[in-house]
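Protein chains in written order, with the numbering used here: chain A, 1 to 159; chain B, 1 to 296; chain C, 1 to 171.
Within a straight-line C-alpha distance of at most 25 Å, the following computed BS3-like cross-link-like pairs (lysine-lysine) qualify:
#1 A:K113 x C:K71
#2 C:K155 x B:K55
#3 C:K71 x C:K155
#4 C:K71 x A:K137
#5 C:K166 x A:K132
#6 A:K101 x A:K122
#7 C:K71 x A:K100
#8 C:K166 x A:K130
#9 C:K71 x A:K132
#10 A:K79 x A:K2
#11 C:K71 x A:K101
#12 A:K122 x C:K71
#13 A:K8 x A:K21
#14 C:K167 x A:K122
#15 A:K79 x A:K101
#16 A:K132 x C:K167
#17 A:K137 x A:K79
#18 C:K147 x B:K54
#19 A:K122 x C:K166
#20 A:K130 x C:K162
#21 A:K132 x A:K122
#22 A:K113 x A:K29
#23 C:K147 x C:K162
#24 A:K137 x A:K101
#25 A:K79 x A:K29
#26 C:K155 x C:K166
#27 B:K55 x C:K147
#28 A:K130 x C:K71
#29 B:K55 x C:K162
#30 A:K79 x A:K21
#31 A:K101 x A:K40
#32 C:K155 x B:K213
#33 A:K130 x C:K167
#34 A:K113 x A:K130
#35 C:K155 x C:K167
#36 A:K113 x A:K100
#37 B:K54 x C:K155
#38 C:K71 x C:K167
#39 B:K54 x B:K213
What the hints contain is simulated information worked out from the structure, not anything from laboratory work.
Here is what each chain is made of, one letter per residue.
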Amino acid sequence: MKRIEYLKRIYEGRLIEINPKRLLITVPKDEFISALSTFKVNSFNQLTFVTAVDWIKESEFEIVANLYSRENRLNVFVKTRISRDNAEIQTITSIYSVAKKYEVELAEMFGIKVVGNEDAGKPFLLENWKSKPPLRKEFDSVAYAAEHYEARHVEEKND
Amino acid sequence: MVTNILMIIFTPIIAFFIGVIFVGLKRKIIARIQRRYGPPVVQPLLDIIKLLAKKENISHGVMFDLGPVILLGAVIMTVQFLPTPNAPLLSNYGDLIALIYISVVGALGMALGAGEASNPNASIGVAKALSLMFSYELPFAIVVATIILRYQSTNINIIIHGQSYLHWGLFFLPITTIAGFISIYGAMGEHPFDVAVAPQEIATGPMVEYGGKHLGFLMIDHMMHTYIELALFVNLFMGGASNWFFFIAKMFGVYFVMTVIETVMPRFKMENAIKYFMRWPTILALIGLLTVYIGG
Amino acid sequence: MGRLDEREAMEILDQLRKRSLWMLHYCTACGAVELPPTMTSRYDMERFGIVPFVTSRQADILLVTGYINIKTLRRIVTVYEQMLDPKYVVGFGSCTINGGIYWDSYAVAKRLDLYLPVDLYIAGCMPRPEAVISAFRHLMRLIDEGKADGYRRYKDNYDWFKANQKKVLGE
Numbered sequence: 001m002k003r004i005e006y007l008k009r010i011y012e013g014r015l016i017e018i019n020p021k022r023l024l025i026t027v028p029k030d031e032f033i034s035a036l037s038t039f040k041v042n043s044f045n046q047l048t049f050v051t052a053v054d055w056i057k058e059s060e061f062e063i064v065a066n067l068y069s070r071e072n073r074l075n076v077f078v079k080t081r082i083s084r085d086n087a088e089i090q091t092i093t094s095i096y097s098v099a100k101k102y103e104v105e106l107a108e109m110f111g112i113k114v115v116g117n118e119d120a121g122k123p124f125l126l127e128n129w130k131s132k133p134p135l136r137k138e139f140d141s142v143a144y145a146a147e148h149y150e151a152r153h154v155e156e157k158n159d
Numbered sequence: 001m002v003t004n005i006l007m008i009i010f011t012p013i014i015a016f017f018i019g020v021i022f023v024g025l026k027r028k029i030i031a032r033i034q035r036r037y038g039p040p041v042v043q044p045l046l047d048i049i050k051l052l053a054k055k056e057n058i059s060h061g062v063m064f065d066l067g068p069v070i071l072l073g074a075v076i077m078t079v080q081f082l083p084t085p086n087a088p089l090l091s092n093y094g095d096l097i098a099l100i101y102i103s104v105v106g107a108l109g110m111a112l113g114a115g116e117a118s119n120p121n122a123s124i125g126v127a128k129a130l131s132l133m134f135s136y137e138l139p140f141a142i143v144v145a146t147i148i149l150r151y152q153s154t155n156i157n158i159i160i161h162g163q164s165y166l167h168w169g170l171f172f173l174p175i176t177t178i179a180g181f182i183s184i185y186g187a188m189g190e191h192p193f194d195v196a197v198a199p200q201e202i203a204t205g206p207m208v209e210y211g212g213k214h215l216g217f218l219m220i221d222h223m224m225h226t227y228i229e230l231a232l233f234v235n236l237f238m239g240g241a242s243n244w245f246f247f248i249a250k251m252f253g254v255y256f257v258m259t260v261i262e263t264v265m266p267r268f269k270m271e272n273a274i275k276y277f278m279r280w281p282t283i284l285a286l287i288g289l290l291t292v293y294i295g296g
Numbered sequence: 001m002g003r004l005d006e007r008e009a010m011e012i013l014d015q016l017r018k019r020s021l022w023m024l025h026y027c028t029a030c031g032a033v034e035l036p037p038t039m040t041s042r043y044d045m046e047r048f049g050i051v052p053f054v055t056s057r058q059a060d061i062l063l064v065t066g067y068i069n070i071k072t073l074r075r076i077v078t079v080y081e082q083m084l085d086p087k088y089v090v091g092f093g094s095c096t097i098n099g100g101i102y103w104d105s106y107a108v109a110k111r112l113d114l115y116l117p118v119d120l121y122i123a124g125c126m127p128r129p130e131a132v133i134s135a136f137r138h139l140m141r142l143i144d145e146g147k148a149d150g151y152r153r154y155k156d157n158y159d160w161f162k163a164n165q166k167k168v169l170g171e
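For reference, chain A alone in the conformation it holds in the complex (with noise of 0.2 Å):
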């Protein structure tokens, strides 16, 4: 555990621990990839997952990446945000290359750009999609499946 405590030394007090087995730090924009190695090299060096979230009323996404770290048994949540309109930001392949395909799903569900993977502009589960990306809170599922979809009439029903 001396590698906790050194990461808690270097970000002081911005290191909480919501309940004994998960860690939290929130980061600005810029210091976001150079937060992810400095936890790379003290021990935690497993990305779980990256993804987003949609913070619609204050006009921001939300990137979350949880590491874990087995010697310690611990999970840690890094999070920035990252303005909404001409959302963008830069690859993390190059600290963990496991990330190539999340980021993937970054670009197609949500839109947001990824400079520097060059597998993420492509379609992989959507073809031929010409709406907005799905997964942002603007797009309404239920009437895009009512209209695109057909369903079957019946007269009476026994729900």
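Assemble the complex: chain A is given as a structure, and chains B and C must be docked to it using the hints.
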């Protein structure tokens, strides 16, 4: 003489029906070992009728259509060179070496036909089948040389005559019998060695583009091929038979042992199967050859 | 005994054909988890002659198990057109009937019989193996009476099926 000519015409049909009953019994035995009821015993015949009654056929050219036909021709010709009880068919005109030579022609015709299908699975399956055939012919050739050396002739009828009064090859040449059994097991394409037709890995290999009537032909060939391999084993090592009842009973005994082994074995990888054939069956066959050569 | 005309020959062949149907082992979606219990020893399916096969050229029945993704629908239509006549389609699970629990998703089509001719539906999420075997026996009875003619319907109404597919797949 007249009996011989009649049997030449009817033996392929008898071979087909014996093959149908044996393959149906094999599925029933495997089902009973796995504690369930199985399909009815005539199920392979229903499968063949359903396949021959399909209304459409997809063809990729002339060689694709000719592949199963070449295989059927080679199989019928091989049946004629195996002596049956009371009728030697054509085995006085072609001996054991000619029989081994002819039985390879069918597989080569099938390989040409399957290579014509423009599917990479078929090419992989054909390469694996031919490599496997190359490796199980090696102990089989040494076993054949041992038998020729012992009985001093290549005519199958003289080999059968030398095993009368229970002087079977099974009791007097045991090591050679084991090596011959493993080689014929590899030739039948049963479970440790069915790399060529691996349904889960390469989508049934050479048969991947065949459907409908072509597949019906291939299944007919498979039934007759079962009869050929079993009859060869019974004639070389278990002394033929004097009437049809004992002939079928002996073939069924061998097939029962093969089925019970097949139920519990997984499938070898390609490299492991080839290495296996070049190691233990070859050593056993060479020991048998040395025994016969020194013993006289 | 005179010659049989084509209809009587087809009736005799249908009675023999229903006893050895071959299934295509293509697990489309989450409903395929009910196929291994049906195939193995407890609820044995092989005693009716139904065996799973792996190529579309050798199979008779296409089982659409579960929801119909748009990306999968394109591939299923290609596989169906590669099978040889006579062929049957069975819709497995509630998602093929009216969308099931994915009725409000942006990538799931709701009705299967607009895109492929369906002979039989099996309701349930998931259906039990006893329901699957009872459905296969019902399909055998339909083949016996000559009512399972999905492949003829596809050829007769080819333009209507193609227009529906083009509207939703967009090519």
